[in-house]
Amino acid sequence: LSLRGYTQMRYNDILSGGPNYYDVRTTNDRSVGDRQNFFIRRARIILSGDVSDHLYLYFQNDFASSPPNANSTSATFAAPTNAAGQAVYYFYNPVFAFPGYNQVGSYSNAPGNFAQIRDLYADIYFDKDKEFRVRAGQSKIPYGFENLQSSQNRLALDRADAINTCCKDERDLGLFFMYTPKEMRHLFRDLVKNNLKGSGDYGMFAFGVYNGQGANRIELNKGTHLVARFTYPYVFENGQVVEASVQGYTGRFMPYTQAIRPSLGMATNWAGFIPLNSPYATVGSAFVPYVNGPGWSSLGNFNFSQYGAVNTWGPAVANGGEGIRDSRVAVTAVIYPQPFGLRAEWNWGVGPQLNATQTAIEAKRLNGGYVEASYKYEDKDFGTGVYFPFVKWQYYNGGFKFDNNAPQGRVNEWDVGVEYQPLPELEFTAIYSHMDRTNTVAAPYRQFQADLLRMQLQWNY
Amino acid sequence: LSLRGYTQMRYNDILSGGPNYYDVRTTNDRSVGDRQNFFIRRARIILSGDVSDHLYLYFQNDFASSPPNANSTSATFAAPTNAAGQAVYYFYNPVFAFPGYNQVGSYSNAPGNFAQIRDLYADIYFDKDKEFRVRAGQSKIPYGFENLQSSQNRLALDRADAINTCCKDERDLGLFFMYTPKEMRHLFRDLVKNNLKGSGDYGMFAFGVYNGQGANRIELNKGTHLVARFTYPYVFENGQVVEASVQGYTGRFMPYTQAIRPSLGMATNWAGFIPLNSPYATVGSAFVPYVNGPGWSSLGNFNFSQYGAVNTWGPAVANGGEGIRDSRVAVTAVIYPQPFGLRAEWNWGVGPQLNATQTAIEAKRLNGGYVEASYKYEDKDFGTGVYFPFVKWQYYNGGFKFDNNAPQGRVNEWDVGVEYQPLPELEFTAIYSHMDRTNTVAAPYRQFQADLLRMQLQWNY
Amino acid sequence: LSLRGYTQMRYNDILSGGPNYYDVRTTNDRSVGDRQNFFIRRARIILSGDVSDHLYLYFQNDFASSPPNANSTSATFAAPTNAAGQAVYYFYNPVFAFPGYNQVGSYSNAPGNFAQIRDLYADIYFDKDKEFRVRAGQSKIPYGFENLQSSQNRLALDRADAINTCCKDERDLGLFFMYTPKEMRHLFRDLVKNNLKGSGDYGMFAFGVYNGQGANRIELNKGTHLVARFTYPYVFENGQVVEASVQGYTGRFMPYTQAIRPSLGMATNWAGFIPLNSPYATVGSAFVPYVNGPGWSSLGNFNFSQYGAVNTWGPAVANGGEGIRDSRVAVTAVIYPQPFGLRAEWNWGVGPQLNATQTAIEAKRLNGGYVEASYKYEDKDFGTGVYFPFVKWQYYNGGFKFDNNAPQGRVNEWDVGVEYQPLPELEFTAIYSHMDRTNTVAAPYRQFQADLLRMQLQWNY
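Chains as they are written, first to last, in this note's numbering: chain E, 6 to 466; chain C, 6 to 466; chain L, 6 to 466.
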């Protein structure tokens, strides 16, 4: 067993962000946002190795994870109901006219950067050549090349949403069967080792069952997801390598919900629109969208109207207890960068998504993918290191199922950047990013257009 | 110093669960419940070794622990008070008749699987033979053979509640004195090493003081618990080993409380009963049971009626600040499986328990224990590995003091199963379990009868 | 890469604490307080080493950290609004007269002792002699000798507040440039190695930019802090070493706030005073102090009165979004204990502080420091180990910016104690402490006078 790892430290600067500056948010990087600065995105320690000829352990933890309610950048606001309190406040601080709102938000000092599991699996080999294996535990789901490629090796700072929205942290808990011919196993290893940005070995053929609620989440609907993947890397006589894959999964997903005040215009710049004299205008407090999936009749589908909020022994299953249909299929094509590289992936499917009136979550169509071109340049003249200039375009239109209320997201993003490796253990990446995205983190899920300068320093150990 | 560890991945299936399916819950395994699937129960990494001749370090962390508010399977329900919100809801989603309840629950996506201390102690030896030592830090409390035996070696998936309810995670923070004669030290080690399911060396004689509020909990009543244990393993000439122990502890425990709506029938199938025209029927909101222990007069026992909820500088000590009496004594008898093994433990005592009207927590009598028979079969003919078929019966009637409001629990459970070790580093266990238990996790603390198929895959490293 | 670490286990006893016993609280040790007992203050594991000639990794984690809402010793109180519930309660438990308050507090069983990052940085060296380096990541801020000295080596249990209030956990996330001449680098190392309680090497000259919101906290105002430090250790011919330093930082800090009921008398024994017929007397519920800093106009300073609590898409920036001015300068003088040692530090500045009416947080002057005298005695006659008797006086008057609402704190404390090292890997410290301090942890931020006996057992590995 040996220890290794890597750390990613980031700095994101919003160059321009339109009128709705505070909507510049992405799911994959909390330091994309107003008022942000240095940020530790990943802090990994990996304990791995062959325990015996038949058991290989991989145990990766991330020390930059946030427990519930930690590290929030959102201020909470006190309701303007405490008139006497406001009187004291305005008496001593005549900044604003009285009466009025409390004018004050509150930031929490709850800290982040705690240690959380990423991978924890055992590969159990059946044969001496280690061609056949069962992987038990939490592992990456064999769906999408970019998902399987380590963040340590990826050029772009974040994965493309089209494929990445399939799986929380790319991982889930389950059982996976994999088959890799012996020579292909060595090829997969070399594609990473030779700095060709490979995916690692997740099987030429892989099949798995897993919970489907996301990495480190507890199961909520007893329904497993099924996934299958076939990939074939081909080595030309001149050493050039190309790889093609097809993969798909199917299952039912129980969305996570949160009370919102519904409005119209989701995933557009005018999101938050409330028509005059509509039912929306008189809503008194936020509420939770309805999950429009089948119940769980075999366990007794409870008549909720018999249970009020007073009753602490209310039903344990929410409406739509079996969850929403969640199925996708994806294709992948890769030319490894020797020196010119090209990668493209696309997926289509159906998944949970908040409806246009923001009152229910339903199964909706989705599709999207990306194309990335890169070039590997080793500076042999001056020995300054290795350079990977690249350009990436991504598109997605569909639900972000792991965000609260599974809002619709529309993504159309260009990244132009370069990864520079002055030393094998040190990488610096700078990217100019033009984003046209939906803020799926908070209602009313408004579209934003922004230009960012993104930088990352990575050290490997 | 060296690193080692083990992981337990589980799958529990409820074969039959009677009318109150959603009450099938146990304290020791959150994946025993409706809508569950794969689950990581333990993910351990142990850093241990001799720092010098006089100091031994043992630092065990569990990476599958849940921080507060994480990984909940319970849906929260919005109160049906927002009439205008409901109007919007029913206007766009005419699933249920209006007016009515909101019909929607909400699941949190707060993740689990964070790293938390299990053991962190230093053994300080006074003599060269390491017979006398003081253990400082968080360690297992020397009470009960099954508590001391590692989960890595236990046959049954969970410890018997009768003894295990003594101590949260079997551990607490304190100082422990231990004496083990040199040869017995080697014997304790061999009983584990030779796959005989030993307890490890917690002293032939042990005495300790500890906080008593449970592992990783902060002290609340300044009152230490005292514990003492004497155990004697005897080796017969034919190599057979038997062990007998007696142990006891005493102290005061400050219960953890949570607002509930009280009702009658705790620990029976009709729990939750609210008689017509009783005071129960008109309760407006949930409230917290009274802790019926002595106050903390030496620090000034505050007159609570002078402090309202408005006052954020209210008193820091709750009623019953010294806690509830908590004392037990237990006996142990063990025949090690060479090949036939038998183990029995029983304990009697008094401890915190919610009263029958669910309005106060008081000191009540408790008793219970278990008997486990096992057989060790090494397949030398075909070399398929080692098999441990076993049967276990457990009984308990008393308070679950570490659960909120320390409810009464009645346990009568049969387990029949087999642990199979195809490789030394790999174990698979399958158990048929017939449970007659109280759901001590949530009010009204109802009794359930259920049959389960329980499976576990464990890998050691 | 190698693993090492240390653990500190504590026991604090309040010998006398005046009338307001429950105000005996300090920011630096949660086991200073009523009803406390054994406590794990630090549980460290450090992964460090040279990755290559140009990269050094230091990754220190603390496993005794508390995630949000964990390990609280404060009871929460139910509001006396549920008349029917109280009727049930008093009907079955006639302990107090009815009608009245609920008389019951509730303790949470949320556990602590989770793993959190302390240091995570890469030292990138530019020259062969490693004199010039850039440190990227989370590291100690080069401000104050005692801050830089490891807790593993410090004599007093806690750092002096005057300097330590500069930085949460002494650390922050940023980029630091350091220059140390080669021989001085060896000197810094030896001052630690030879048990002379050195600070380690943070550069003869250091300059840094960092977020400024504290270790493991997310940035809130995009404004970096700047820090610079110059230190010069001088070795006399007889081997005696003295060191002098000057350091300073400047930036803007966004305070963390929490609703309180305001009152007069902060940082005095009569804190909590509410004059009759004043606006204070009729305050209905707690509210949040106003942050009196400039807004964030370049991002659009939102007109908050347009957003109510209903609107979940309210503004993301609170008032005073750029934060409060936060600048300090400090001087240091050290004589290393060969055998007599002396250390003194003092700092002056301006920083966030709650005003006297407890309604707004403003920039206020602050100053304070400490003097510590120690003596190193090696028992060569009987070989019982090394003794460090010491006495320390500290003073501070200023804001505790990292505590909620940045209350004013006045500290005047004497410590007399001894650190005893029977073995190199084992330390025991006993201290008599006379405290005259403000309880900055909870409103109304009352002053207390107390005598404590404080003990610590530390083991190194």
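It is worth saying that the hints were derived from the structure and are not from the lab.
It should be emphasised that the depicted structure is a prediction, and the values quoted were computed from it without experimental measurement.
Beta carbons: idealized from backbone N, C-alpha and C, even for Gly.
Check before you lean on any hint, since a few could be wrong.
Said to hold, decoys possible - With a Cα cut of at most 20 angstroms, we get these calculated EDC-like pairs of lysine to aspartate or glutamate:
{"no.": "1", "chain 1": "C", "residue 1": "K135", "chain 2": "C", "residue 2": "D58"}
{"no.": "2", "chain 1": "L", "residue 1": "K135", "chain 2": "E", "residue 2": "E430"}
{"no.": "3", "chain 1": "L", "residue 1": "K397", "chain 2": "L", "residue 2": "E430"}
{"no.": "4", "chain 1": "C", "residue 1": "K135", "chain 2": "L", "residue 2": "E430"}
Said to hold, decoys possible - Reference listing, derived: stretches of chain E covered by chain C, where coverage requires no fewer than 3 residues with Cβ under 8 angstroms from a Cβ of chain C:
{"no.": "5", "stretch": "385-399"}
{"no.": "6", "stretch": "422-429"}
Please count how many residues of the stretch 422-429 of chain E have a CB within 8 angstroms of a CB from chain C and say whether that reaches 3. With 0 residues in contact (Cβ-Cβ under 8 angstroms with chain C), the coverage given for the stretch 422-429 of chain E is violated.
With a cut-off of 20 angstroms on the C-alpha distance, tell me whether K135/C and E430/L pass. Status holds; Cα separation ~17 angstroms.
Cβ contact check, 8 angstroms cutoff: the stretch 385-399 of chain E against chain C, three residues minimum: violated (count 0)
Are the Cα positions of K135/L and E430/E separated by 20 angstroms at most? holds (17 angstroms)
20 angstroms limit on alpha-carbon distance, applied to hinted pair K397/L and E430/L: At roughly 25 angstroms apart (the allowed maximum being 20 angstroms), E430/L and K397/L break the hint.
Between K135/C and D58/C, is the straight-line Cα distance small enough, at 20 angstroms or below? Judged against 20 angstroms, a Cα distance of about 9 angstroms means the pair holds.
Hint violations for this structure: numbers 3, 5, 6, all remaining hints satisfied.
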